[in-house]
Amino acid sequence: MFVAVTLGILVAMSMALVRALLGPTVYDRVLAVNTFGTKTVLLIAALGFLTDRPEFLDLALVYALINFIGTIAVLKFFEFGDLGLTRRVHREAE
Amino acid sequence: MDMALDALSWVSIVTGLFFMLVGTLGVLRLPDIYTRLHAAGMTDTMGAGFLILGMLLQTVQGILHGESTWWFVLFRLVLIYVFLLFTSPIASHALARAGLAGGVDPWTAPGDGDE
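Chains as they are written, first to last, in our numbering: chain W, 1 to 94; chain S, 95 to 209.
Treat each hint with caution, since some may be false.
What the hints assert, rightly or not - Derived contacts from chain W toward chain S, CB cut-off under 8 angstroms, selection only:
1) V5
2) V30
3) L31
4) T35
5) T38
6) V41
7) A45
8) L61
9) T71
10) I72
11) E92
In case anyone wonders, no lab produced these hints; they're calculated from the structure. The beta carbon of each residue, even a glycine, is placed where N, CA and C say it ideally should be.
One chain only, chain W, in its complex shape (with noise of 0.2 angstroms):
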């Protein structure tokens, strides 16, 4: 049963990949990998149920984390400009 859920989140992750190659602009492309990094987390969970391994939900819990605080800072990256060290630096320097 769980081979089913695997393939069907793998052909979910295509089309995913699909519009983050197609993307016209940055944030479409953004959008894709957060999906995608949503949907790597439900396969890993998957997986852990496939082979019977309960310590596959602990790698997806982290991978949904940090999936998360990746597309924080590459907004914020995309929004200002930088991740807000340099502004410091220049405020020291005056």
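Since the structure of chain W is already known, use the hints to place chain S on it.
Only chain S this time, still in chain W's reference frame:
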């Protein structure tokens, strides 16, 4: 009892897969980043929700067989879903804000734009 749980988890997994594929199809076909955000949001909450519900029923079956370690699996599954439920709207909101700040103006139907 086992048959019922198995059938129920199979049904929820199939609906989860269905929502995920429909959402990803929406991400592919919709014309604009903001409409795609709506579709992507749906896959994260509904698709993941039913899939995790299906896995949850599998672990409940394991617990009924007396394996006490499956409580932790149940806990981790619920934790993953709660976390996805919190972070997916925040990510979509941040993405929409970044899009607006980046100058991507929302798509309007060809007829409506030029009143």
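Indices of hints not satisfied (ascending) | 11
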